[in-house]
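Protein chains in written order, with our numbering: chain L, 1 to 415; chain X, 1 to 160.
Honestly, the hints are just simulated from the structure, not real lab data. There may be inaccurate statements among the hints.
Claimed, not checked - Chain L residues, not near chain X, derived (Cβ > 12 Å throughout):
hint	residue
1	P39
2	A57
3	G72
4	L376
As the list claims (entries may be wrong) - Below, computed lysine-lysine pairings styled on DSS-like, alpha-carbon distance capped at 25 Å:
hint	chain 1	residue 1	chain 2	residue 2
5	X	K103	X	K77
6	X	K73	X	K103
7	L	K404	L	K357
8	X	K52	L	K118
9	L	K118	X	K23
10	L	K383	L	K191
11	X	K23	X	K11
12	L	K307	L	K383
13	X	K12	L	K118
14	L	K404	L	K383
15	X	K11	L	K118
16	X	K52	X	K73
By construction, the Cβ of each residue, glycine as well, lies at the ideal position given by its N, Cα and C atoms.
Letter by letter, the chains look like this.
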Amino acid sequence: MSEDDVRLIPADDSSWRFEAYLRRGGYEAARKAVTSMAPQDVIAEVRRAGLRGRGGAGFPAGLKWSFVPQCGTAPKYLCVNADEGEPGTFKDRAILVRNPHQLLEGMIIAAFGVGIRKAFIYVRGEYARIARRLEEALAEARERGFLGRGIFGSDFDLEVIVHVGAGAYICGEETALLESVEGRRGQPRFKPPFPAVVGLFRSPTVINNVETLANIPSIIGCGADWFTARGLPKDGGTRLFGVSGAVRRPGLYELPMGTPLRTIVETHAGGPPEGVAIKAVVPGGLSAPVLRPDELDVPMDFDSLAKAGSMLGTAGIVVIGDRTPIIEVLKVTARFYAHESCGQCTPCRIGTSWIHKTVTRIGEGQGRLSDLDLILRLAEGMKGRTLCPMGDAAALPIHALVSKFRDELEQAVSR
Amino acid sequence: MSYAPSAATLKKIEGMIAPYPEKSAALLPVLRAIQEESGCVLPEAEAWVAAKLGIRPIRVREVLSFYTMFRRKPAGKTTIQVCRNLSCTLAGAEDIIGFLREKLHIGPDGTTPDGRITLETVECLGNCDHAPCLQIDGVDHGPVTRDGAAALLEELRAHE
Ligand SMILES: Cc1cc2nc3c(=O)[nH]c(=O)nc-3n(C[C@H](O)[C@H](O)[C@H](O)COP(=O)(O)O)c2cc1C
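Just chain X, with the same shape it has in the complex:
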């Protein structure tokens, strides 16, 4: 199978490469753009990126596997990331994580069987004055109570 981004993403990618003095420096933004469109970066896409930026495929793999936000396998349609660093733990993050797992019937860092929601725990989101906090597809929420978390899940369901 071969990979090709949509015309819009291709245009975006080309615009991203231009300002860098060396093409290969655009690797992170290009991978971000692909993941934004496809949900993850599959091996075919890795090969495409390597050719596009004129680098060896291993370099793409090295970078993909280093950064925690890159995915090499599809995740759920929505991703909930709950912070569990110090300020959030002090404010009851573990309780919120346990509550969400129970509600969604999933274990640590899992995806619901219907592929709707991926729940992950993350380190500090830099929103400590709103602890315990979480992000849903990159949007910040906090402080989150059990009721608040239940309401967020309801909202997700309603938006389908």
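Looking at chain L on its own, in the form it has when it is part of the complex:
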């Protein structure tokens, strides 16, 4: 494999076919793993690579795999998270459309490393058409004996099932996803036990994001050192940065982990259009607290964003121009979380809809000055008080919008 060949998103549109992937050196890493490596060495290599989960939380992938108990005879499962519901995020779509075999290869390697024989790919309902192409890619791989029984002539089997959702942001949360695969409402489970121990159908389960798994072939093929050299020692590899909003060239940019946010927005995405200045930037999907223009030199990696009081999340960057009133951003944000709260935990159910009501009132010119403090208090009340991280995912961006743009919002209220 040459360096150019391991891009997450190949430049060529017809690149998704099996033959095209083979020509890029595809499935060599999976063959290497399955036919010449011990499963624990696969996990060790991924741990050394410092690959952190691309679904939002940034948990080290190899470490997660190592939590799966290797004793016992219960089946183990792999669930691929292709729910991609985080607003501002469109990277997994690109992998599914342009490079599905790289995801499949990553799944083979992960399953081999952990000792899994059955995998589910959970695709959001809105991507049903994309799921059809994924099914085609699966059929291609099965036909050639790269999936199914006795992969690469070994005694390793892997069956893959595509499970299409039906519209619910919460199903991206890993335990809600498990509920949804089991044919239930997507309501998150209490943790512990963690899915690695008690997951799908009560069995040990690994859940990884599409982009996380699509990085695995290059780690096994080119080695952990090669991978970390393309990113940071504890946060290896490149990242698919999606840029949308007030920029000249919205799109996906695959760049080393740690690339400064300003470079991505201004150099790669071309900065804001003529006559527009940046007012704010959401760095990692709607749940990531907003940054002000003076905060844009932050390197885009998990630890740096956390230090800056936000999060790298899904690396979906949304640029807000100075002509957009912050109340509009707040309205969209508040509506989204109120709409998507699954209703299971009271602080999230009541908090998101109360905030939404309050924000709507301000938007309609009926706001009171005390409303801003009310929103902050409601956000505080959700934080850390729900079963799943959705409470925080709603509270933090709303809190940041109100506290960082308080002056503008106060003007909106007193107008």
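Mind docking chain X with the ligand on chain L? Use the hints.
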């Protein structure tokens, strides 16, 4: 009234159930298949699904009412879903939504009186670099301008 899927859909449904370790896990795909054929999932179909998967009818209702893409009542022949999350709002989604409502003479999340078109607003479609975006019966379009939206409506009319 009782419900039965077509032979083709029944075969599809049986193929869907097989790979799951527990039959009931196939609930979402089975409901999707029924809705694809019938446009929605009526109470008779709910009962059929419950019997087919060996679960209580309430469990089918729970799932149907939780997921936004399931319908319990028929919608228009064509569904237009316009995204109104952040990237699309920044790119003028509300203007496109207003334009479509005006053109189709319908209010928020409504269906034209002739039953041709249902217009809905949705949260992020994951197509933010093509904002403002929408889906027509699951097919992506974007970035959509007023002229582009008018052309899409024309195309729908021409295809009838
Ligand atoms: C409300 C909510 C929504 C989420 N949505 C997604 C999603 O759409 N895709 C995803 O990969 N992870 C999503 N996550 C994160 C998952 O819970 C989980 O951390 C991730 O799938 C693990 O994979 P990774 O370690 O490879 O990132 C979401 C989390 C929360 C709390």
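Open item on the list: Tell me the hint numbers this structure goes against, listed in increasing order.
Closed with: Hint check: nothing fails, all pass.
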